[in-house]
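Student: Could you build the full structure based on these sequences and the hints that come with them?
So the sequences go chain by chain: A and B.
Each residue of the first sequence is one higher than the last, beginning at 1 in my numbering.
Each residue of the second sequence is one higher than the last, beginning at 221 in my numbering.
Label-pair distances were calculated between CB atoms; the ranges are:
#1 B:A327 x A:S10: 26 to 34 Å
#2 B:A290 x A:H129: 47 to 55 Å
#3 B:S267 x A:D139: 38 to 46 Å
Some residues of chain A that are not near chain B, with every Cβ distance over 12 Å (derived):
#4 V26
#5 D31
#6 S34
#7 G36
#8 S47
#9 Q48
#10 R50
#11 Y64
#12 G65
#13 A70
#14 I123
#15 K125
#16 H129
#17 C142
#18 A158
What the hints contain is simulated information worked out from the structure, not anything from laboratory work.
Being a predicted model, the structure only gives us computed values, none of them experimental.
Just so it is clear, CB atoms sit at the ideal spot from N, CA and C, and this is done for glycine as well.
Number of protein chains: 2
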Amino acid sequence: MAKDKNISMSVIRRLPRYYRFLSDLVDKEVDRISSGELAKRMNLTASQVRQDFNCFGGFGQQGYGYSVKALKNEIESILSLKSGYNSVLIGVGNLGRAVAMHMEFEARGFKLIGAFDQDRNLIGKPLNHLIIKDIDGIDSFCDENKIDVAILCIPKEAAESIVEKLYGFGVRYFWNFSHFDISVAYPDTIIENVHMSDSLMTLCYRITDAKRNITETIQK
Amino acid sequence: MAKDKNISMSVIRRLPRYYRFLSDLVDKEVDRISSGELAKRMNLTASQVRQDFNCFGGFGQQGYGYSVKALKNEIESILSLKSGYNSVLIGVGNLGRAVAMHMEFEARGFKLIGAFDQDRNLIGKPLNHLIIKDIDGIDSFCDENKIDVAILCIPKEAAESIVEKLYGFGVRYFWNFSHFDISVAYPDTIIENVHMSDSLMTLCYRITDAKRNITETIQK
Chain A
1 MAKDKNISMS
11 VIRRLPRYYR
21 FLSDLVDKEV
31 DRISSGELAK
41 RMNLTASQVR
51 QDFNCFGGFG
61 QQGYGYSVKA
71 LKNEIESILS
81 LKSGYNSVLI
91 GVGNLGRAVA
101 MHMEFEARGF
111 KLIGAFDQDR
121 NLIGKPLNHL
131 IIKDIDGIDS
141 FCDENKIDVA
151 ILCIPKEAAE
161 SIVEKLYGFG
171 VRYFWNFSHF
181 DISVAYPDTI
191 IENVHMSDSL
201 MTLCYRITDA
211 KRNITETIQK
Chain B
221 MAKDKNISMS
231 VIRRLPRYYR
241 FLSDLVDKEV
251 DRISSGELAK
261 RMNLTASQVR
271 QDFNCFGGFG
281 QQGYGYSVKA
291 LKNEIESILS
301 LKSGYNSVLI
311 GVGNLGRAVA
321 MHMEFEARGF
331 KLIGAFDQDR
341 NLIGKPLNHL
351 IIKDIDGIDS
361 FCDENKIDVA
371 ILCIPKEAAE
381 SIVEKLYGFG
391 VRYFWNFSHF
401 DISVAYPDTI
411 IENVHMSDSL
421 MTLCYRITDA
431 KRNITETIQK
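Tutor: As structure tokens, then:
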């Protein structure tokens, strides 16, 4: 399968969602699915599904539908979910703990090899298969291990200084839950932000907008 | 300030980010800022900033920059962050707990009025100002309270059945951390999804793509 080099971010961002739906279908032992049926389940149009898949050379024959399992495996391979990138978790408060416990890192392309905090009450305690380490030891950990990704579950101010340090050790990839906008300060990094409070504020706007529209419709 | 009714979602999704940056500037006691300076700090272009603000009638006079405090207040008002929408948390596992402890609901337009779980070990325990309630009591809670928003921190299968129930009680707004695609089954709802694993998979793709490009550049 040919891989197009200039795939837009909006197509790429849909791939994990395809992957989730296809994994579900595999679990439900569905063998084949048409682009129309897949589109319907995902609230897309059949032509959008076909266009998306065409970016990667297409996965099926017109009229026969897609093999669910083959398609899932293709997308898994495009997303490189078997990469096992070495990752460290910075911050094991409520959020960091939830991230560590909740996410299937190995199935998503990552391997959690360290967890760090500054809280004396947490250091030395277990977190899944790891023991939480003192953040002061991050330098020697970086010397001894090749870290691909840092997962930041710390406040903005703490993130600013730890990113500077990790960047110095060559870390360029971040999964960022903090409010520090890393890419502004470090343009040569790759960042995925999870800004939960932005999502919550957007929801607030959309609810207010919907309520206003309902009121206006009633008044007409 | 006139509010345009047809503001694109991409503009709306930038508002929380503006709001965060402006809150920061207020904290740092910055009085005025030009669109150019704000754009630089946010990795946008000055013309994009001006265009975004023009959607809401514009906030400043050419050449004078914006009053940081006034701009922050305007955006707060557009986002309706003082709405205090009644919200319930469904699922107080690691993720639900992190969401409850980590988010400043009141400053984001929401009010957490209930937290529910099915785990006997959690029911009756405190969570911030709340006591965790048995999920079996959600019906009577819905009868007695007007719920605007449900926050779903539960697995997909549990989400499917609880959404059906809440929808029956008139709940139409969801902050969804589960993998259940609510809007496919219930098109007349407003959903903000936080799909953390999609973000992680996207990161995996982007890292792999970046590493491939580096390798190819070296080989050339």
